[in-house]
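Starting from the known structure of chain Z, arrange chain U on it as the hints suggest.
Sequences listed follow chains Z and U, in order. Heads up, this note's numbering is the position in the first sequence plus 161, with the first residue counted as 1. Heads up, this note's numbering is the position in the second sequence plus 161, with the first residue counted as 1.
Hints were generated in silico from the structure; no laboratory data involved. It is possible that some hints are incorrect.
Since the list gives no way to pick one copy over another, a pair counts as held whenever it fits inside one copy or between any two copies.
[Said to hold, decoys possible] Result set (DSBU-like, lysine-lysine): computed pairs, CA atoms no more than 30 Å apart in a straight line:
| id | residue 1 | residue 2 |
| --- | --- | --- |
| 1 | 302 | 204 |
| 2 | 190 | 235 |
| 3 | 302 | 190 |
| 4 | 262 | 273 |
| 5 | 204 | 190 |
| 6 | 204 | 235 |
| 7 | 262 | 302 |
| 8 | 262 | 190 |
The model shown is predicted, which means the values in this text are computed figures rather than measured ones.
2 protein chains.
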Amino acid sequence: MERICGTSRIAGFRFSLYPMSDDFISVIKSALNQTDTSKVWAKTDHISTVLRGSADHVFDAAKAIYLYAANSDKHIVMNGTFSIGCPGDTQGDTYLSADEKRINEDAIRSLKAEAPCQFALYPMNEADYMGLIMEAVDIAKAEGTFVQGVHYASELDGDAHDVFRTLEAVFRMAEQQTNHVTMTVNLSANSPSRKKPKAGIK
Amino acid sequence: MERICGTSRIAGFRFSLYPMSDDFISVIKSALNQTDTSKVWAKTDHISTVLRGSADHVFDAAKAIYLYAANSDKHIVMNGTFSIGCPGDTQGDTYLSADEKRINEDAIRSLKAEAPCQFALYPMNEADYMGLIMEAVDIAKAEGTFVQGVHYASELDGDAHDVFRTLEAVFRMAEQQTNHVTMTVNLSANSPSRKKPKAGIK
Numbered sequence: 162m163e164r165i166c167g168t169s170r171i172a173g174f175r176f177s178l179y180p181m182s183d184d185f186i187s188v189i190k191s192a193l194n195q196t197d198t199s200k201v202w203a204k205t206d207h208i209s210t211v212l213r214g215s216a217d218h219v220f221d222a223a224k225a226i227y228l229y230a231a232n233s234d235k236h237i238v239m240n241g242t243f244s245i246g247c248p249g250d251t252q253g254d255t256y257l258s259a260d261e262k263r264i265n266e267d268a269i270r271s272l273k274a275e276a277p278c279q280f281a282l283y284p285m286n287e288a289d290y291m292g293l294i295m296e297a298v299d300i301a302k303a304e305g306t307f308v309q310g311v312h313y314a315s316e317l318d319g320d321a322h323d324v325f326r327t328l329e330a331v332f333r334m335a336e337q338q339t340n341h342v343t344m345t346v347n348l349s350a351n352s353p354s355r356k357k358p359k360a361g362i363k
Numbered sequence: 162m163e164r165i166c167g168t169s170r171i172a173g174f175r176f177s178l179y180p181m182s183d184d185f186i187s188v189i190k191s192a193l194n195q196t197d198t199s200k201v202w203a204k205t206d207h208i209s210t211v212l213r214g215s216a217d218h219v220f221d222a223a224k225a226i227y228l229y230a231a232n233s234d235k236h237i238v239m240n241g242t243f244s245i246g247c248p249g250d251t252q253g254d255t256y257l258s259a260d261e262k263r264i265n266e267d268a269i270r271s272l273k274a275e276a277p278c279q280f281a282l283y284p285m286n287e288a289d290y291m292g293l294i295m296e297a298v299d300i301a302k303a304e305g306t307f308v309q310g311v312h313y314a315s316e317l318d319g320d321a322h323d324v325f326r327t328l329e330a331v332f333r334m335a336e337q338q339t340n341h342v343t344m345t346v347n348l349s350a351n352s353p354s355r356k357k358p359k360a361g362i363k
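So that you can see chain Z by itself, here it is in the shape it has in the complex (with noise of 0.2 Å):
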């Protein structure tokens, strides 16, 4: 079977941003209209929002808007399925930018968020998929952000920049080795059932 990896390719996040607030329809539009979008195609409909473009761009964009919801210090919740490689996946409804440069990261960087993860990983049609899976885990065990194995998920915990660096780079690694990947993430700030971090968690 031909391989068609590589981040040349059109990679895609669906989620959905769940404010736990009266004023959820603020924060949610505050999020996406602070964030710079214009090197990803992003379309919001009544369920969910995508994004899609280069795998850069995409988790740029993503991380940015966790980091501005979780900043309005409401709970909330930011739940979705990344996905590169859908063989029914078409070329519409997408920028692939030749710029590199990630465009939310200089106004985000010094934004703070706790962002305590649980997250799947589905390489498709791949035989060693619980391969690929347990090597997210020591990736994530190597970016100091692995929390523990619960059913069907693997839990992170660290600050949101690192928690997204781990996921990046677990999507990275699995998609150079399989055509389809999906990967889903349930990210979470200022729970107030929000267990104390962990010893060893930054």
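Chain U only, in chain Z's frame:
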């Protein structure tokens, strides 16, 4: 490769309930408390809740929790992943009740809620996974709940009972044909950005 399929296996659903309300804690707790979870193993952590047991009882509890939360009349979302047959799964943390009677169905049958939904089916290590996804779409069309494909997902709409019946039929179709299946669902009730239901959708 040996195929290990069938509904005697442990199914699971890791999900989060997101009430877009200052009062989110009581909406979550109320929906969980109103649901009879005696036929599933259930555990809530600071990010999500996992239900484990037979597919019958996992879907019964999931639908009940959604209906109770939606009947708070707040904008609520249930977002999660159904799973069966993960090679790394254990026999622990589960109940496989011999009794197939759905313990919540009588209490929730008369409850109504809309359930616009985006879902994605991930049959793992399956060369024909796109074929199974096409079968899923055909099931939804036959159930009258299919709206459209969107990037990375399929969109359903209709009454919660119809949408959950569709999701369960899709999950069962796939898990009869391959070992390990996951399915993400994002169900939304009472959203202010909700479009008017399309013609033909109940």
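The hints, checked one at a time:
1. 302 with 204: between (34 Å within a copy, 25 Å between copies)
2. 190 with 235: Classified as both: same-chain Cα gap 14 Å, cross-chain 19 Å, threshold 30 Å.
3. 302 with 190: neither (34 Å within a copy, 33 Å between copies)
4. 262 with 273: Only inside one copy: residue 262 and residue 273 sit 21 Å apart there, 49 Å across copies, limit 30 Å.
5. 204 with 190: within (13 Å within a copy, 33 Å between copies)
6. 204 with 235: Result: close both inside a copy and across copies, 24 Å intra and 25 Å inter.
7. 262 with 302: Result: close within a single copy only, 28 Å intra versus 43 Å inter.
8. 262 with 190: For residue 262 and residue 190, only the intra-copy Cα distance (25 Å) is at most 30 Å; the inter-copy one is 44 Å.
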